[in-house]
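Undergrad: Read top to bottom, the protein sequences are chains R and X.
For the first sequence, the working numbering assigns the number 98 to the initial residue and increments by one for each residue that follows.
For the second sequence, the working numbering assigns the number 509 to the initial residue and increments by one for each residue that follows.
Simulated from the structure, these hints should not be mistaken for laboratory data.
Remember, predicted model here, so these are calculated numbers, not experimental data.
Each hint should be verified, as a subset may be incorrect.
To be verified - Example chain R residues on the side facing chain X (calculated, C-beta under 10 Å, incomplete): (1) S112; (2) P230; (3) L231; (4) H232; (5) F240; (6) P242; (7) G243; (8) F272.
Claimed, not checked - Derived contacts from chain R toward chain X, CB cut-off under 8 Å, selection only: (9) G187; (10) I189; (11) M192.
For glycine and all other residues, C-beta sits at the position ideal for the given N, C-alpha and C.
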Amino acid sequence: MKKLRFATLWLDGCSGCHMSLLDLDQRLLDLADMVDFVYSPLVDVKIFPEGVDVACVEGAVSSAEDEEKLRMVRRRTGLLIALGDCAVTGNIPAMRNVLGGQKILQGVYLEREHLNAQIPASHLPALNEHALPLHRFVPVDFFIPGCPPSADTLFAALGALVAGRAVDLPALTRFGA
Amino acid sequence: MTPIPPHPPETAQTLNLTINGRQVSAQAGETILEAARANDIFIPTLCFLEGLSAQGSCRLCMVEIAGSAKLHPACVTRIQEGMEVTTETERLRDYRRNIIELLFSERNHVCAVCVASGHCELQDLASELGVDHISFPCRYPTLAVDASHRRFVLDHNRCILCTRCVRVCAEIEGAHTWDVKNRGIRSLIMADFDAPWGDSETCTGCGKCVHVCPTGALFEKGLAVAEMRKQRPALPTLVANRATEQR
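Bound-form chain X, shown alone (with noise of 0.2 Å):
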C-alpha cells in the first residue's frame, strides 16, 4: 500500500480539464477524484476516506477517460491537461451496480438486523446506484464474529475488505493493529499476528478504525439495530495538528 506522495507545492501548476464536459481547473498533481469533488462533482467511493492513503481497490470510482479504452480509478489516478473526464454513463453504473451486488453476495449483509443500517456506506450507495436486489447468487459463507475487546466486535459477516481500517491504524494511529490475512476470497482481517482482538498488543482502543469503517464490520459494543452512528474522525485536520505539534 503505497500512500500517494503529497503534492509538491513548488511545481503548484494549474491544469485544465473537463469532467463530464465542464470546464474545470485543478493543481497538477492532484487525482481526479479531488478535482472533481472541488467542483461539487459526485463520483461514489467506498474504500477512499480522505486523510488515507488512496488505494483505488473497490473499484466504485471508476471513470472514462477519452482516447483510453480501458477504465480508470479516480481515486489514484492524476489529472492531466486536456483531459476529458465521464464520470457517469451507463457503462460505468452497469459495473457499480454489479460492484455492489457482488459485495453484498460475498458475505451476509443483512441490514435488518445490522447495528449500522442507515449509517452504512454499502446500503446508501445501493440506494443511490438503484440496487434494488441482488442478481447473483449469495456465497452465505460461516464467518466469525470477534467479541474479545472489551469495547468494540469485529463481525466478518459485514466485511468488505475496503482496508480503511488497516490504513487509519497504521498511518494515523500509528499502531498497525490490523492486517489482512489470506488471499482472494478467504481474505479476512486481523490483528496483530492473527490474535483475538482483545488480546491484541499493539490495539490502543482509540475506536478509530470503527468509526472509518463503512459498513457494521466494526462496531461498539452493546448497540442495537441502526445504532451504531459512525462519527467519521475529521483525518485531513488531525493530521495537519499533530504536524504542527512536533515542530
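Chain R on its own, in the form it takes in the complex (with noise of 0.2 Å):
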C-alpha cells in the first residue's frame, strides 16, 4: 500500500502541539511506517510540496503571511486537519483580539520598554486586527481540540485516518485539554 503523504504546518502557535507530536516518542517509528513525512518545521524541508494527502496545521491565522501558506496548504493538500486549540477556536493568540493587533503591539513593545523602544517591524509580517482560526479561511475536514492535544490522542487519530477506522475523538480530548 501506497504511504499517505503527510504534512505539519506551523502558524501562530506555541508549537505545543508539534511537541505532542514529538511526544509520540517510540510510536513516531510507528507513524513512520505509516505515513511520509514530506514538509514539517521538524523536518529538514523547505516547500510545501504538491500532492500532500494530509496537512495538520498549528495556529491560528494572525498575518497575511498565515493566510497565504494556510491557502496554499489547502490547494496542494486532501485532507486538513486543523491542530489544537489555536488552529480550532484562535486561543490565546486570539486573547489579544478584544484588544486588536496595534494595541497590543503597542503595549508589549512601547508603553512596557523604557531603552530604544520600538515595534519590531523589518522582515516580520504584519500583524491583522485579529488572530482567526482556519476555518474561518478555507475548509478543514478535521478538528482535533486540546492545548496540545496530547500524543495519545494524535496517535489515535492519525492512526485511525491511515487505517480508515471511525475515531471518538471527543472522548479523548476537548477544548482546553
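Using the supplied hints, reconstruct the complex from the two chains, each of which is provided in its own coordinate frame.
TA: Okay, here's the thing in C-alpha cells:
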C-alpha cells in the first residue's frame, strides 16, 4: 500500500502541538511506517510540496503571511486537519482580539520598554487586527481540539485516519485539554 | 423569575407517559426533566440546577412532544398523561450544538487558560455534544474582571448569564446581592446597584454563587488554570434542613 504523504504546518501557536507529536516517542517509528513526512517544521524540507494527502496545521491565522501559507497548503492538500485549540478556536493568540493588533504591539513594545522602544517591523509580517481560527479562511476537514492535544490523542487520530477507521475524538480530547 | 410552585402532595396522582419510547410514570406536577432524571434518561441542562427555581433560559433541555410542532424546555414543562416525549433527535442535537457554539462565540471563553478548565459545565457539554469547533464568528467583547472582593473574582468574559448565581443568592442565601443589568447582548451580572463586588453591602461572602457557577465566571482568588473545583452545594438538602429548623 502506498504510504500517505503527510505534512504539518506551524502558524501562530507555541509549537506545543508539534511537541505533542514529538511526545509520540518510540511511536514516531510506527507513524513513520504509516506515513511519509513530506513537510514539517520537524523535517528539513523548505518548500511545501504538491499532492499532500494529509496536513495538520497548528496555530491561528494572525498575519497575511499565515493566511497565504494556509491557502497554499489547502490547495496542495487532500485532508486538512486543524491541530490544537489555536487552529480550532484562535485560543491564546486570539486573546489579543479584544484589543486589536496595533494596541497589543504598542502595549508590549512601546509602553513597557524604556530603552529604544520600537515596534519590530523589518522582515516580520504585519499583525492582523484579529487572530482567527483556520476555518474562517479555508474549509477544514477535521478538528482536533486540545491545548495541546496529547500524544495519545494524536496517535489515535492519525492511526484511525490512516487505517480509515472512525475515532471518538470527544472521548480523547476537548477544548483546553 | 417565578419559582415553580412545590408539588401539591394531596393531588399526588401518578401519570403515565413515554420518554424516547420508554413507558415511565411520574407524579402529576413533575416536570419532564424530573421524570427523565428519575428514570436515568439524560437531558443536557445548563441554567437548571436542582434546588433552584427553574427558569428555562438556556434552551439546552428542549425536547420534542408528539402532536406539538414547537420544542419544549424540559425543565419548566409539566408532564401530562399520555405525553410522548423525545429527548434525542438530530434536530435537537443540532440546536443544542448551536446553543453551545453561540455561548462560546458570545464572550471570551479560553479553556486553555481558564481556572475552571476540567470542572466546567460549558466545556463538558461541548465535549458531550461533539462541538469540536465554533462555526460562528466570535465577538471578542471587551469585558471587565471584578476582583474587588476579598476572596472571590467575577470574570464577565466567562459568564454565560445562566443566572444560577442570582437565584442561589436570592433564593437560598436570601441576600439577593446579584442581579442582571442591561438587556440582550449587553446584559451583565451586577452586585447590588452596580457596585464593585467588594463594596457590596448585601454580600455575606458565603461563596454559594461561586460554587453553583457552571463556568469560570465566578472563582476563588489565588487559583491558577484548572484549579477551581466547583463543589455544587446539595441545595435541596440545605433547604429541607432549614425548613425543619424554622419550626
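Undergrad: Please go over all the hints and tell whether each is borne out by the structure.
TA: Results for each hint:
| no. | hint | result |
| --- | --- | --- |
| 1 | S112 | violated (14 Å) |
| 2 | P230 | holds (7 Å) |
| 3 | L231 | holds (9 Å) |
| 4 | H232 | holds (6 Å) |
| 5 | F240 | holds (4 Å) |
| 6 | P242 | holds (6 Å) |
| 7 | G243 | holds (9 Å) |
| 8 | F272 | holds (4 Å) |
| 9 | G187 | holds (7 Å) |
| 10 | I189 | holds (6 Å) |
| 11 | M192 | holds (6 Å) |
Figure legend: structure checked against the earlier numbered hints; the only hint not met is number 1.
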